[in-house]
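Q: For the record, the sequence lines run as chains A and B.
For the first sequence, position 196 (counting from the first letter as 1) is numbered 196 according to the numbering used here, and the numbering increases by one without interruption.
To convert a position in the second sequence, counted from 1, into the numbering used here, add 1000.
Hints are computed from structural coordinates only; laboratory data are not their basis.
Keep in mind the model is a prediction, meaning the values are calculated, not measured.
Even for Gly, the Cβ is constructed at its ideal location relative to N, Cα and C.
Keep in mind that a hint or two might mislead.
In silico EDC-like pairs for lysine to aspartate or glutamate, Cα to Cα no more than 20 Å straight-line [as the list claims (entries may be wrong)]:
hint, chain 1, residue 1, chain 2, residue 2
1, A, LYS130, B, ASP1251
2, B, LYS1199, B, GLU1258
3, B, LYS1130, A, ASP251
Some residues of chain A that are not near chain B, with every Cβ distance over 10 Å (derived) [what the hints assert, rightly or not]:
hint, residue
4, ARG45
5, THR55
6, GLN112
7, ALA134
8, ASP140
9, GLY143
10, ARG167
11, LYS199
12, ILE205
13, LEU230
14, ALA259
15, PRO266
Only part of the chain A face toward chain B is listed, based on derived beta-carbon distances under 8 Å [what the hints assert, rightly or not]:
hint, residue
16, ALA44
17, SER52
18, LEU98
19, ARG150
20, PRO153
21, PRO157
22, GLU161
23, LEU164
24, VAL168
25, LEU171
26, ASP186
27, ALA249
2 protein chains.
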Amino acid sequence: MLDISSSPVGPIGIFDSGIGGLTVVKALMALLPGEDLIYVGDTARVPYGVKSPETIRRYAGEITEFLIGRGVKLLIVACNTMSAVARDSISALARVPLIDVIEAGAACALAQTRNNRIGIIGTPATINSKAYLAAIGRFDGSGEIRAFSRACPLFVPLVEEGWLDHRVTRLIAQEYLASIIDEDIDVLILGCTHYPLLKPLLQNIVGPGVALIDSAQAVAENARRQLQALQMLNPASGKAQRDFFVTDAPDHFRRVGEAFLGQELPQVRVISL
Amino acid sequence: MLDISSSPVGPIGIFDSGIGGLTVVKALMALLPGEDLIYVGDTARVPYGVKSPETIRRYAGEITEFLIGRGVKLLIVACNTMSAVARDSISALARVPLIDVIEAGAACALAQTRNNRIGIIGTPATINSKAYLAAIGRFDGSGEIRAFSRACPLFVPLVEEGWLDHRVTRLIAQEYLASIIDEDIDVLILGCTHYPLLKPLLQNIVGPGVALIDSAQAVAENARRQLQALQMLNPASGKAQRDFFVTDAPDHFRRVGEAFLGQELPQVRVISL
């Protein structure tokens, strides 16, 4: 399955339908500072959540081929919609190891729950796909896990508005989370790459007894494990290169992206797929 | 400029990047119940607001050609982004009379203001385009109009969530509108086709002294005036035909669309442009 051309000095490819995957880039930069990264955000066609599975698979395939063409050694699907709908078709094209946010988040939640009661929040598209439930089911040896989901459609626009600690965001979060908090969960999967920006507020609402699973963080840890196991960690100690590609008008991406990345974005280039 | 093939029995073509233009369809159905309507919502490529002007013009051109090909006698751009960015290029292709939401809304606001102080709310893309300000400037013979704008990025997701009279929506609206209410406006343009669904709540916040300009309503009135002047009103008294086309997965469109239309949507067909 591994492409013989893959080498430890190749970059890691990360892609998303838009901007949210930058939380994965941030986590990778912190955990694997020596790795070169290539990010693709399909900003011309975002959001994917309302598109049909066939269309999503086609778009995901185009991005995958772009990244494979640039010699990536590991591919990260940092988009819940593509992970839910197109994982298999991406995998068929990838020829390098593949990590997706849903499997990484589900595995991490299973490792952390003590009472086997897991909460999941995400966009309507992700929650309706039941992809987290399916991934938990695949990993759950005991058959004793119970999972409780809630779609939170206003969280993405609230994050993009920058209202990360606004009383309105708090009210909305209280309303969204009430029913799953009642289920006595002890871990909560943040099933959308925008949500890590709401972590302090969400932690405050669910209380200290519930562990928040940041799937961006889970993906980065999984990437380190896989590269270590394959002896593919980049041995270079120089300055890592990070390339950012979008498919349309980079202004919004650049402006909002800095909040996601926690630092200024380097040059953002526009490509057509 | 008029296409010689245009006839009073031709349909009216209405298009939008997505679902919001259905408020225009609703207003047309009430005001011109005898007219056949064809609606195109480019749901595969929504939202347009983050795309570059070149891309928006190309997409608008594709939709225009589709509708012209179906023999429309009047074309309505029920999308603020396309009205702001692509009006001229649509007009060059259209060969039939053209109405856009921005000009219709601006003209209506000018007719209604008594103190010459106009407020405008819309999505960030619409407000940043300054298209309402430009339209007001073109129509303002006196040179005495003052206009005050505010982007309201959370209103569209709140409407799509169905929180039309939720206390959170009220809090957000109070925050968004505070600065323009302070400017002593006497009309407020709802510069987004989603906003008419928030009319009762917004009217309550701005108070009875401020007239809300519903651009969907303004477009329908403008359409009636133009067709009357051109003697193109449909003389048929039979059941009017309404056709709805989208470019991807009609489920969300159908579900959310009913709230916009105020009645069940008939068959929705998928086309590729």
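Q: Closest CB-CB distance from THR55/A to chain B, is it above 10 Å?
A: Incorrect as stated: the minimum Cβ-Cβ distance to chain B is 6 Å, not above 10 Å.
Q: Measuring Cβ to Cβ, find out whether ARG45/A lies farther than 10 Å from everything in chain B.
A: violated (7 Å)
Q: The hint names PRO153/A as touching chain B; please verify it with the least Cβ-Cβ distance against 8 Å.
A: For PRO153/A, the interface hint holds, since the closest Cβ of chain B sits about 5 Å away, which is under 8 Å.
Q: Using 8 Å as the Cβ threshold, decide whether VAL168/A counts as touching chain B.
A: holds (5 Å)
Q: Quick check for students: does the CB of GLN112/A sit more than 10 Å from each CB in chain B?
A: Correct as stated: the minimum Cβ-Cβ distance to chain B is 30 Å, above 10 Å.
Q: Are LEU164/A and chain B close enough, Cβ to Cβ, to be under 8 Å, as the hint says?
A: Violated: closest Cβ of chain B sits about 14 Å from LEU164/A, beyond 8 Å.
Q: May I ask you to check that ASP140/A keeps its beta-carbon over 10 Å from the closest beta-carbon of chain B?
A: The assertion about ASP140/A holds, with a minimum of 30 Å to chain B.
Q: Would ARG167/A pass as off the interface with chain B, using Cβ distances and a cut of 10 Å?
A: violated (7 Å)
Q: Beyond 10 Å from chain B, beta-carbon-wise, is ALA259/A?
A: holds (14 Å)
Q: For the hint on SER52/A, just tell me whether its beta-carbon gets within less than 8 Å of chain B.
A: holds (4 Å)
Q: How about ARG150/A: closest beta carbon in chain B under 8 Å, or not?
A: violated (13 Å)
Q: Is LYS130/A close enough to ASP1251/B, meaning Cα to Cα at most 20 Å?
A: Holds, because 17 Å separates the two Cα atoms, which is no more than 20 Å.
Of the numbered hints listed earlier, those contradicted by the structure are 4, 5, 10, 18, 19, 23 and 26.
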